[in-house]
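Novice: Sequence:
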Amino acid sequence: MNYENYDPIFPDQPVVDQYLPLWASLSAFRSKPAFIWSEDGTTNVSNGSTLTYAQLNDSVQSISIQLLHSLQRGDTVIILCTPGLELVEIIFGCQRAGLLSVPIFPPDPSFSKQNHHHLLRALSQTKPKAAIAHHDYITKVQQYLSLPSKDKKLAQMLQNLKWVPTEDVKHKNADSRLDSMSYDGCKPDETYLIQYTSGATGIPKPVLVTAGSAAHNVRTARKAYDLHPNSVIVSWLPQYHDCGLMFLLLTIVSGATCVLTSPAAFVNRPSLWIELITQFKATCTPVPSFTLPLVVKRGGVETGSSPINLWSLRNLIIINEPIYKASVEEFLHVFKPFGLNPSSISPSYGLAENCTFVSTAWRNDDNSGNSCFPVFPSHNKLLPIARLASEEEEEDMDIIVVNEHTHEPVDDGIEGEIWVSSPSNASGYLGHPFLTQDIFKGRLSNKVSRCFVRTGDKGIVKGEERFLFVTGRCAEVIKLPNGQDIHPHYIETAAYNSCPQFIRGGCLAAFDVSRMIAYDGCKPDETYLIQYTSGATGIPKPVLVTAGSAAHNVRTARKAYDLHPNSVIVSWLPQYHDCGLMFLLLTIVSGATCVLTSPAAFVNRPSLWIELITQFKATCTPVPSFTLPLVVKRGGVETGSSPINLWSLRNLIIINEPIYKASVEEFLHVFKPFGLNPSSISPSYGLAENCTFVSTAWRNDDNSGNSCFPVFPSHNKLLPIARLASEEEEEDMDIIVVNEHTHEPVDDGIEGEIWVSSPSNASGYLGHPFLTQDIFKGRLSNKVSRCFVRTGDKGIVKGEERFLFVTGRCAEVIKLPNGQDIHPHYIETAAYNSCPQFIRGGCLAAFDVSRMIALVAEMQRSEKDNKILRNICERIRENVFENEKVDVGMVVLVKSRSVPKTTSGKIQRWAAKQYFLRGKMNALMELKFDNDGGFLRSGNGRGSYGEGEEGRAVIAEEKEEVAYSLSSAPCLARLVQITMDAFLTHLPSVCEMVKRDKKEKRKKALVGMKGKSRTLNKGKGGRLGYCN
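Last residue of the sequence shown: 1028 (the UniProt record's numbering), numbering continuous.
Some clues are possibly wrong.
[As the list claims (entries may be wrong)] The calculated DSSO-like cross-link candidates involving lysine-lysine, where the alpha carbons are at most 30 Å apart (straight line), are:
#	residue 1	residue 2
1	K187	K153
2	K127	K441
3	K129	K152
4	K152	K541
5	K541	K777
6	K462	K441
The set of hints was computed from the structure by calculation and includes no laboratory data.
Quick caveat, the model's predicted, so the values are computed rather than measured.
Between the sequences and the hints, there should be enough to build the whole structure, so can you do that?
Specialist: What follows is the structure in structure tokens.
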């Protein structure tokens, strides 16, 4: 029976699946196991872990029919099943249904660990119509799709798929009338499988495999390894592609039995592989070359409780070149006492572009009971992977070694690229026509009619028997200074052997970095970086940064902050742009050390920042201004178990203006007992259009052990961000304050727009020539030869030392009815201070809408009591009026994370206003006030006032007040409605102006407002605001 499967009496089939019904029709195969699954580290086999040929054939027939109920022949399906027998059934079921299958390992459906890149690649390249997966997996995918934080591109692709649960196609009986139908599965010339390359030398590429080439490949492998129905295969290889998938097909073609387990089970317990060979008396097992030293090291031969017996093994197939002779001999030395026959060693070669199998150096006639190591020559420590056919032998596969530059065959003994021509050659790469032409259509001058696959592997033919050795990969050859070449695996092997007790085997990488010796990177005038603006005042814009301007910027910052090789920086800022990115560059320029963590880690646990400063004795740390109150509130100083010591800190750099003096003083009050030196406070200013850094108010001579708060003046509650150079000082950076309309400098003490001219200025905005001209080419009448960057920030210079204060942004200034201007951050700060126990700090946005000031504030938690929400609105209005003398016309309380922010934590007021006008705020309460502070309109943001008795009580209490919600109104309709409300609000006042006693009535109204304000401060029962 050994040769029955390739005897002329037993004809070869054109596709693999057609072998299955032939075997299943034989009485001897009805109960013969085709596949056995050994689950996660145990060798016990239960009833549900075996598939006989008859069971598999019936299951495949049922699956194929069920799949064709919702799919059509030729459709592409992606298979997302976990390793096991179910995956085997689905793969064969797709082939019988005539579907093009793409089996890949299913990533965790939460996709939280960025483990979905290969899935995204497969979906975008193969464009499947359906996905087959277990019902539980599909449910988790649907849950992911409902998340607001999902990857939009991945989500769109997943939503476009037709999801097919394996339970729906497996456990339904096939129509008996279709059992006798002629085979209608994949035809030999049809692509039936897309398998991805390993990715060892580049991004994995999708290989198109036809049913005929796959059948030829496994028939060739069956003959080479002498497999037959008495063969028993043990495999832990991945079942999704390459050798692991081939052995599923090889089992069916050979009529053998295959015992499967998962790669994870093997890696967790390598001795499982040996146990399965012993238990099932395996005759054949394919393993990567790293398996042998791993099992020797972790196989537990001495401590293993299970007896080992390897006498049955005829083919120990070793793949994944290069194959080192020493590691094979070491394995033989350990396991020969347990019955391992040295002549079973089968060094082999394969690649996805040839379906899988290419060749083996093993021969059946070598394995005639010989207990000696096969007579394999070695070349430079390696074993061969093939014996090439002589000219007298006729084979349908041609393997040659070629000069990779001239494409001419090389003589034996000379290294070149391995080329393969065979009916097993795949069709090409999906979606890569030019690469397909280059790799799959290799031609020689003396064989113009035959195409070869260019493997990309280096090889050499040695000896009379023409043994082929794979020596490495063409793309990885390292050129040595002496002109010679070396393959990196030799370096890696020597490095591992130096300290095998410390280094993980198979986990080393050597490569050539010779290009780094002669610097050929960005020139100073070349754009090397595109960083986006924060988006605080508009849609983020791409800023072009040259290498020279970036270098100047970090040199200026290094000098300003006195950084040097002894400096230690702690940063949790985003590393993608602006200040977070600058401090990466600043670390290198200064020769300092930088301790990094993520913004998410800081936000989740603000005390981490303090702990890192303490642990690493940091001398410098940059943080946005909102950090200080957040750490005071949530830093856990009183409850923290870790000791705090901030004595080392010389620069506490505060960015993201405006910088409030009160919050800095509060932070100092809390952390001064822990060693924080007040003179380390460094209020600073930066913007993307100037690379990042612009200025700081800190001076090195200020920080000479002084434990007092630096002598910074304040302006309207703010700290300065720069000391401008006097006319006697020479600096290459010029910062001026300009009238934004006349473009003339203003005198000190007058607010204007800040302009900056410096070698750090970026080149402009990518794709915005007119905006670049307007922002980056600002000119003054008395300095026509110098260009300035218009920052868009409002500023004022005060004092003899000419301290510069950033007061706000030009685009966000709110014009009050009295003609004065106010910056929205003052309103937001006063609003937050009214109810800090309810409102999230740094999560408020104030803006004007139709001559009315609206304020949106995030709640720390979703409060459902409408009375509490209304009282918070009232207190906000009252506190803003008391502190800033500004009437807030509407207060909107929203759920947490509703107010839009930039990646650096800045409030996007422009976006908040758009959300508000479009009714897209997750509002908990909207309260609109009239001129006297009373309620004009109110609502809960959901089109009603609430639910149940509480909602009806609010309606009853407000009586004739008109309840409404603007959250769902279109932008224009909402704007019109707000405008009309404002008009109706002011109409009574306009009418009273024509009355003879208008002055008296306005005085009474003013007295009434003051009275109500006092009543609010002294109210009983927790009543807040202007309620009567």
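Novice: What hints, given by number in increasing order, does this structure fail?
Specialist: 1
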